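A.B. asks: Sequence:
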Amino acid sequence: MALKTDGSKKNYVNRGAWTAEEDQRLAQVIEIHGPRKWKSIAAKAGIDRCGKSCRLRWMNYLRPNIKRGNISDQEEDLILRLHKLLGNRWSLIAGRLPGRTDNEIKNYWNSHLSKKIHQKGKQRRRSPKTEGSNPQETGVLEKENVKVSEEGTSKVNADLKTSFNVDEFFDFSSEGFSNLEWMSQFLDVNEVLCGFL
DNA sequence: AAAGAGTCCAACCGCGACCAG
DNA sequence: CCTGGTCGCGGTTGGACTCTT
Numbered sequence: 181m182a183l184k185t186d187g188s189k190k191n192y193v194n195r196g197a198w199t200a201e202e203d204q205r206l207a208q209v210i211e212i213h214g215p216r217k218w219k220s221i222a223a224k225a226g227i228d229r230c231g232k233s234c235r236l237r238w239m240n241y242l243r244p245n246i247k248r249g250n251i252s253d254q255e256e257d258l259i260l261r262l263h264k265l266l267g268n269r270w271s272l273i274a275g276r277l278p279g280r281t282d283n284e285i286k287n288y289w290n291s292h293l294s295k296k297i298h299q300k301g302k303q304r305r306r307s308p309k310t311e312g313s314n315p316q317e318t319g320v321l322e323k324e325n326v327k328v329s330e331e332g333t334s335k336v337n338a339d340l341k342t343s344f345n346v347d348e349f350f351d352f353s354s355e356g357f358s359n360l361e362w363m364s365q366f367l368d369v370n371e372v373l374c375g376f377l
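Position 33, counted from 1, in the first sequence is what our numbering calls 213; the numbers after and before it change by one each time, with no gaps.
Please note: incorrect hints may appear among the correct ones.
Claimed, not checked - Straight-line Cα separation of at most 27 Å, DSS-like style, residue types lysine-lysine; simulated pairs:
(1) Lys-219 x Lys-296
(2) Lys-286 x Lys-232
(3) Lys-264 x Lys-296
(4) Lys-247 x Lys-232
(5) Lys-247 x Lys-296
(6) Lys-264 x Lys-247
It should be emphasised that the hints constitute simulated quantities derived from the structure, not laboratory data. The structure presented is a predicted model; accordingly, all values stated were derived computationally and were not measured.
Make the full structure from the sequences, and use the hints.
C.D. replies: So this is what it looks like as structure tokens:
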């Protein structure tokens, strides 16, 4: 990773990988001042990082209760379903998976799930019998899904937003990980409803 | 054993939204 | 209103690691 300077030591910004010492300093400052005003946190920690970089490090790595690696089948299934529903809105999807970060889910999607879906699509295109019988399983609809995800805040998502507030609807504040099952059931119902529309 | 290809994931970038002054 | 600062998001990059030949 490259280090970038503008020539003056004052504006030197480290852009490389984070060291254990930097992590420790950042965590200490956040413990005292809380995770806000990232620019001043960076300054107080005495590390040559921009506020943005500090925030990212905290959100994706240092934050308490972060789960790392080993995404379970249940979580994977949930990601797939939520992606179908919400598109590439990783922060929203991550919000429904306690302990997971948007970056992790995005990476997981790009490296695992997008391939899986692509492969499934290929298989299905090879077996014309299934085509038409279940529109959700066809390559045609898959294209539509891609469209939704490419546009990010697609029209479909915009419509969704106006019809209900996602954050209010999926309020996990008082419930734990066990909600995954409930969510799974909800998404099943949602898929059936989508079939009617 | 070495080289090249493929994969993973931490971190950066650009942009838009929000808010205080 | 306008402006500047801050924050959060999704997309992208590139280094490290693993696999294949």
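A.B. asks: For each hint, tell me whether it holds in the structure or not.
C.D. replies: Hint-by-hint comparison with the structure:
1. Lys-219 x Lys-296: violated (40 Å)
2. Lys-286 x Lys-232: holds (19 Å)
3. Lys-264 x Lys-296: holds (14 Å)
4. Lys-247 x Lys-232: Holds, at roughly 22 Å.
5. Lys-247 x Lys-296: holds (23 Å)
6. Lys-264 x Lys-247: OK: Lys-264 and Lys-247 at ~23 Å, within 27 Å.
Going down the numbered hints, you'll see the structure goes against just number 1.
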